[in-house]
Structure formats: structure tokens, C-alpha cells
Amino acid sequence: MASELGNLTDEQLVVRAREAPSGRNAYLEELFGRHYNRVSLWCLRYAGNRDEAADLAQEIFLRVQKAIPEFRAEAKFSTWLYTVCRNHCLNRVQARRPEIGGEEILPNLADDSVLDIENDLDRRRMIGQAKQWISQLLDETERRVFTLHYGEGMPLDAITRLLGLKNASGAKAFTVSSRRKLQDAVRKWRARNEA
Amino acid sequence: MKPDIWKEALRDESGCPPVDRWRAWVDGVLPAAERNQLEQHQLICPRCEAEVAMLREFVYADASAEEARQVEWITSRLRSEAKALNPAARISWWQWLGTPPALRMWACAAVLLVVAGAALEWRRRAPELEGGPAGNFRSVRPVALLSEVGDLPQPPAQLRWQAVEGASHYLVRLFEVDQRMVWEGRSHGPELAMPAEALKLFVPRKTLLVQVQALDVTNRPMAESEKIRIRVQP
Numbered sequence: 001m002a003s004e005l006g007n008l009t010d011e012q013l014v015v016r017a018r019e020a021p022s023g024r025n026a027y028l029e030e031l032f033g034r035h036y037n038r039v040s041l042w043c044l045r046y047a048g049n050r051d052e053a054a055d056l057a058q059e060i061f062l063r064v065q066k067a068i069p070e071f072r073a074e075a076k077f078s079t080w081l082y083t084v085c086r087n088h089c090l091n092r093v094q095a096r097r098p099e100i101g102g103e104e105i106l107p108n109l110a111d112d113s114v115l116d117i118e119n120d121l122d123r124r125r126m127i128g129q130a131k132q133w134i135s136q137l138l139d140e141t142e143r144r145v146f147t148l149h150y151g152e153g154m155p156l157d158a159i160t161r162l163l164g165l166k167n168a169s170g171a172k173a174f175t176v177s178s179r180r181k182l183q184d185a186v187r188k189w190r191a192r193n194e195a
Numbered sequence: 001m002k003p004d005i006w007k008e009a010l011r012d013e014s015g016c017p018p019v020d021r022w023r024a025w026v027d028g029v030l031p032a033a034e035r036n037q038l039e040q041h042q043l044i045c046p047r048c049e050a051e052v053a054m055l056r057e058f059v060y061a062d063a064s065a066e067e068a069r070q071v072e073w074i075t076s077r078l079r080s081e082a083k084a085l086n087p088a089a090r091i092s093w094w095q096w097l098g099t100p101p102a103l104r105m106w107a108c109a110a111v112l113l114v115v116a117g118a119a120l121e122w123r124r125r126a127p128e129l130e131g132g133p134a135g136n137f138r139s140v141r142p143v144a145l146l147s148e149v150g151d152l153p154q155p156p157a158q159l160r161w162q163a164v165e166g167a168s169h170y171l172v173r174l175f176e177v178d179q180r181m182v183w184e185g186r187s188h189g190p191e192l193a194m195p196a197e198a199l200k201l202f203v204p205r206k207t208l209l210v211q212v213q214a215l216d217v218t219n220r221p222m223a224e225s226e227k228i229r230i231r232v233q234p
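If you read the protein sequences in the order shown, they are chains A and B.
Take 1 as the starting number for the first sequence in the numbering used here and just add one per residue.
Take 1 as the starting number for the second sequence in the numbering used here and just add one per residue.
Just so you know, these hints were derived from the structure itself, not from any lab.
What you are looking at is a predicted structure, and each value in this text was computed from that prediction instead of being measured.
Take these hints with a grain of salt, some might be off.
[Claimed, not checked] Derived BS3-like pairs: lysine-lysine, alpha-carbon spacing no greater than 27 Å straight-line:
| no. | chain 1 | residue 1 | chain 2 | residue 2 |
| --- | --- | --- | --- | --- |
| 1 | A | 131 | A | 66 |
| 2 | B | 227 | B | 200 |
| 3 | B | 83 | B | 227 |
| 4 | B | 83 | A | 66 |
| 5 | A | 188 | A | 172 |
| 6 | B | 83 | A | 76 |
Produce the complete structure using the sequences and hints provided.
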């Protein structure tokens with residue numbers, strides 16, 4: 001039985017697990033066992049300590065177990081597992097720290113008292129402009145940190161560990177340099193529009 | 001510019017490829033045309049760029065030595081919790097028999113006979129081996145705990161036990177009630193001051209089991225205590 005299970009792909013194990021009479025079974029045991037290390041490492045880097053990481057990992061596997069019927073076999077199981085991990089960790093952090101959000105994080109970019117920008121450009125163009133600045137002005141690490149922190153609400157210490165940043169202040173340094181570059185761009189853009 | 005525009009820019013998914021396409025890109029299994037298309041998209045989409053970085057970390061990350069130790073601890077906890085949640089998996093040998101009830105009964109009877117025979121044989125041979133010169137079987141002597149155990153008003157700051165002659169050092173282990181080991185420490189003498197990381201495991205009302213093992217210079221167990229219950233009262 002064990003060697004037979006070992007020869008099945010993740011996706012085949014999912015199919016067999018669904019067909020098995022009880023919810024959890026040897027197929028799921030084998031499937032989950034293959035991914036314990038991967039999920040544990042992700043959770044460890046996300047949480048920063050092993051106790052919280054173990055809780056996170058356990059919650060993730062319980063969630064996966066419940067959601068197995070939703071898995072589409074044409075995708076890789078590990079890719080689907082990644083999305084479950086990512087979403088679960090983000091939801092947990094956001095539930096605890098609702099203050100993470102653009103309104104609080106980017107106050108200096110929010111000042112529209114000089115110019116009624118919303119009347120000059122429609123929303124899509126505004127979004128396009130913001131994306132262009134982020135893509136063109138920030139370097140690769142700045143873009144990643146900026147997006148994960150401000151866009152996804154991921155804590156800076158988790159980003160530092162997940163991206164393996166080795167500089168002294170980790171992800172925080174990249175948010176500072178990103179804000180400076182973007183503020184500068186907004187200032188110049190306003191000046192052009194005012195003129 | 002209002003800040004929610006920034007958030008929308010970072011979360012905008014219009015025209016973004018699904019994550020399984022990015023996975024194929026990360027794995028390097030896409031045809032050239034689609035690969036180029038995705039690479040062009042990454043140039044203008046910080047969200048997808050960050051997603052790919054995370055996905056790559058998830059799929060291909062290597063753990064450092066320290067991380068590997070912690071991951072091992074986490075996975076052992078996951079495995080024991082999975083067993084607790086999945087009693088069906090533990091009786092899978094029974095399903096494996098896949099036979100009618102009558103045959104199962106015969107199988108059980110056969111197993112019982114073998115166990116009984118082995119026990120009798122062990123009882124017959126044990127005294128010879130115990131006194132014998134260098135048999136493979138080594139009897140392990142008991143270690144007596146001297147510290148107060150059972151229900152305690154506070155976590156034990158120190159554990160003491162009876163010294164074992166010839167012991168090189170001692171291993172102290174804490175277990176959950178399901179036998180999952182949660183901590184271990186070493187001592188060269190018959191006592192150990194419990195460090196903070198062990199003390200914090202003693203949550204009020206939670207039962208832990210403690211076991212002391214005496215080891216010789218080759219790390220072979222010479223003696224060990226029972227797993228003894230300790231619970232901190234609320």
C-alpha cells in the first residue's frame with residue numbers, strides 16, 4: 001500500500017482521496033506528508049516563531065482537507081496549496097492587525113488639496129499611472145516589498161524572512177526608499193498639472 | 001491622489017495570468033510565446049511580480065540549518081496531530097486485511113498466539129541475558145525522580161533525580177499526554193534547572209509528562225524513569 005501511494009502523483013492522490021469513503025484517509029496522509037516541510041517552512045518564515053507557525057500550518061492543512069473537493073485537477077496541487085497558504089496567512093494577519101491598509105500607510109501621497117486630481121483623470125488612468133510609477137521608479141526588491149506590504153497587507157518582518165532580505169533593517173528600508181521615490185514623482189506630476 | 005488608488009494599483013488583477021500559469025513559468029515548462037507574454041506582463045504588473053517571488057519561495061525555498069530544526073519540530077507536531085485527528089488511518093492495517101469477519105478472527109487469534117509465545121520465550125530467556133556478559137539485550141534500570149511531581153502550584157524551576165552510577169549525562173524530556181515530545185534538555189549531574197523555554201510549556205491545567213534518561217558515554221540509555229505526570233494548578 002505504502003509503495004503504491006508513493007508512486008502516485010499529488011493530483012492522483014487528491015482524486016483517490018475524494019473517492020475514498022471517509023473524509024481523511026491514507027491518500028490524504030501521504031499527500032499532506034509530502035508537503036509538511038514546505039508549508040512548515042513558509043509558516044515559520046511568515047510567523048517568525050515555531051509555535052505560531054505550527055498553529056498556522058495545522059490550520060492550513062485543516063482548511064485544505066475541507067477544500068479538497070474544490071481542487072481542480074488540471075492545476076498542480078502544490079500551486080493550489082500555495083494559494084491556500086498565502087491567503088490563510090494574510091487573512092490571519094489582517095484579522096489581527098486591521099490597521100494595515102493604504103489609508104494609514106501612504107498618508108503623504110494622499111494629499112489632494114492642491115489639485116482635484118479625481119476630476120482630471122478617470123480612475124483607470126489613475127491606477128495605470130500609479131502602476132507605471134511603481135514599475136518604472138522602484139527597483140525589483142522595492143517593488144516586491146512595496147506590493148506585498150501595501151497591496152497585500154503583509155507584515156514587514158514576514159516579508160524580510162520570506163524574501164530572504166539580509167540588510168540590517170530588512171523590508172522596512174525598501175518601503176522608505178519606495179515612498180521617497182513615489183512622493184517625488186507625485187510632487188513633479190502635480191507641478192506639471194498645476195502649470 | 002487618494003491612497004486607495006495606490007492599493008487598487010497594487011491589487012489590480014485585470015489581465016493578470018492565473019497563478020497556475022505563473023507556476024508553469026517558474027518551473028520553466030512554458031512554450032516560448034507564452035513565456036515571453038508572461039515576462040512582458042511582469043514588467044508592467046508589480047502585483048504579479050511579487051506573486052511570482054512568493055510562489056518561487058514557496059516551491060523552491062531551501063531551509064537554513066536553524067530553520068530545518070524548527071521545521072522538523074513543526075512537522076512532527078503536524079504528524080502527531082494528524083494521527084489524533086485520523087483514527088481511521090491508524091487502523092488501516094485492518095482495512096488492508098480486506099477479508100471476511102471470520103478470517104479476521106482467525107488472523108487475530110494467530111497474532112495473539114504469536115505474542116503469547118514471544119512473551120513466554122522472553123520470560124524464559126530474560127534472566128540469562130541480564131546476567132550474561134555481552135548480549136544484544138540490555139536491561140534498562142529505573143531512575144527515581146526526587147522532585148515533587150503531580151499537581152504543582154507552579155512550574156518546577158528545577159528537576160532532581162537519583163544519580164545513576166556510571167552515567168555520563170542525563171536527558172530530560174517533556175511530553176504531551178499524547179506522547180509527543182515537546183522539549184528536551186541535558187544535564188551532567190542528577191538535576192536540571194528548567195530553562196524559560198521549558199517552563200513556558202507548563203500552562204495551567206495542562207498535563208505534561210516528564211522522563212529522565214541516564215546515558216553512558218556512547219549515548220546509550222542505561223536507565224530511565226517512567227513518564228511522570230506534572231500539572232500546574234490554576
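Evaluated hints:
| no. | hint | in the structure |
| --- | --- | --- |
| 1 | A:131 - A:66 | violated, 37 Å |
| 2 | B:227 - B:200 | holds, 19 Å |
| 3 | B:83 - B:227 | holds, 21 Å |
| 4 | B:83 - A:66 | holds, 17 Å |
| 5 | A:188 - A:172 | holds, 25 Å |
| 6 | B:83 - A:76 | holds, 26 Å |
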